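Peer 1: Line order of the protein sequences matches chains A and Y.
Going by the working numbering, the first sequence opens with residue 65, and the numbers climb by one from there.
Going by the working numbering, the second sequence opens with residue 56, and the numbers climb by one from there.
Treat the hints as calculated values from the structure; they're not laboratory data.
Mixed in with the good hints there might be a few duds.
[Unchecked claim] Stretch by stretch, here's where chain Y covers chain A in the computed footprint (C-beta under 8 Å, at least three residues):
#, segment
1, 147-153
2, 423-430
[Unchecked claim] Pulled from the structure, derived: some chain Y residues nowhere near chain A, Cβ distances all over 12 Å:
#, residue
3, C85
4, S133
5, P139
6, D182
7, A191
Bear in mind the structure is a predicted one, so any value in this text is a computation, not a measurement.
Beta carbons: idealized from backbone N, C-alpha and C, even for Gly.
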Amino acid sequence: MTCADDAKRLQVLLVEDSAADCELIQRELRRCDFEVSVDIVQTEEQLRRRVRAQCPDIVLADYNLGQWRGIEAVDLLRAEGLDIPLILVSGALGDETAVECIKRGATDYVLKDSLARLSVCIPRALEEKQLRQQRKRAEQELAAKVEELARSNRDLEQFAYVASHDLQEPLRMVANYTQLLRERYGGKLDKEADKYIAYAVEGALRMQTLVQDLLAFSRAGRKETKMQKVDCNEVLRQILQVLEPTFRESGARILFDRLPTITANRTQLEQVFQNLISNAIKFRRSDSPVIEVSAKSEAGEWIFSVSDNGIGIASEHRDSIFVIFQRLHTREEYSGNGIGLSICKKIIERLGGRIWVNSEPGKGSTFRFAIPAMEATAESKPELVITSHAEYAQSAAGG
Amino acid sequence: MQSTRKVLLVDDNPADADLVQDVLTRKGCCQIEVARDGVEASKYLGSESSDGPDLILLDLSLPRKNGHEVLAEIKLNSHLRNIPVVIFSTSQAPRDIGASYGLGANSYVSKPGNLQDFVAAVNCIGDFWFGCACLAPRRNSE
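Based on the provided sequences and hints, a complete structural model is requested.
Peer 2: Structure (structure tokens):
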């Protein structure tokens, strides 16, 4: 590969105080297959002035320059903010010094009695520089894209949050007053009117739950989620308490193993368990529903499973059920907006995990989710649990 | 005696204001005056001709002057500070609740999203403040 356009000559700057060596090097450069144009400087000041006036493509420097050392040119170039390859040309230096020079930033090192190597070293140095610059450009582009994507995501989440938040008030007005219409005028107008009002009420109420679900979904994606050490047994106990009426009226039974303590956000984990367990109860067959919750450690992950003996899911739906607002049944068959599983997926994936289902229609489903098992890092401090005023006063006082 | 009790309702949403008025009027526990924003509320409370209300129901998101500013004015005014103020707002944000209590609100009730709970909440407010609570006797009835 040529290191210079055919139209352009390679600008070589030679830092050399011996006239004889200058001549030797220039003669060697003329033997190369590329066109060169050579300038010569001796002192640091000359070098500085020269590179400030016009950047060479490459610098060849002698190691011994009387008052200074050629390797210092590397520092000078760096100080000027220039990425110009420097090849040291010198008599025997000794391995240690040579290694030092490379470490300090010289691209290569050619012995004065092997100047023929220049025809190989120079193109190679230039090629390395080109690759280096390409990579730097690619990295910058990537960083810019990532930042743009992050900003776009933030905007979208902000929008979803604000929209669902601001939608609630007018929605409330519609919902309240269509219901009041129904209350005060139901049966007093004609049958058509009753039907219209019924549709309006149904639409308004459904819109209300949709907006609330959207809000919940957008909250599940918000940046500021505190990570804590969470005892999953505690979480499960809490959820079972919340779902107690549902358990009672469905006659459902739950069996669970001892669950681990993991690093996650407690509220979100509660949401995941609540959604999975209440789904398990909701989509039951007529037999008494049985739900099993367990966890196992595998390859650096905790794999939780919630399985039921309910109606099951056909395999062609096993991905779409996790999509927001996707429902497999009509509203008459089962209530809900189809948001529970999409919230679970969002939460689990933000924790670096994944969620999936194994199921057969008529035979029940097993939902599994995996969460990487991580130790509490320095950033996630354990949550302070206050159990009494005395403890709070003590902790506030730094006790 | 009970029907001479007066409530100042400060809410810029006429749909909500009408509903509150409806519920409390059916209860027969009080008369209701409505102010549409903080400036109207201040004017009403400041005027010499009005006897102070027995209870103030105050929304937070009001145009021109917001609920917290009105609340602060009331609680810093020696003539008005003993009137109980119930914040009745859609906001469930802890900082709004905290700020309200910090400014001296007597109670904070968040407006429920559905009709039944909304009506129940207003009924509760009426029952408590005009049934259980001991409000100061009205100045003009002594």
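Peer 1: For each hint, tell me whether it holds in the structure or not.
Peer 2: Now for the hints, and whether the structure bears them out:
1. 147-153: violated (count 0)
2. 423-430: As far as the segment 423-430 of chain A goes, the hint is violated, because 0 residues have Cβ atoms under 8 Å from chain Y.
3. C85: holds (21 Å)
4. S133: The claim stands: S133 (chain Y) keeps its Cβ more than 12 Å from every Cβ of chain A (closest is about 33 Å).
5. P139: P139 (chain Y) clear of chain A: closest Cβ-Cβ about 26 Å, beyond 12 Å.
6. D182: Nearest chain A Cβ is 21 Å from D182 (chain Y), so the label holds.
7. A191: About 33 Å separates A191 (chain Y) from the closest Cβ of chain A, which puts it past 12 Å; holds.
Violated hints, listed in ascending order, are 1, 2; each of the other numbered hints is respected by the structure.
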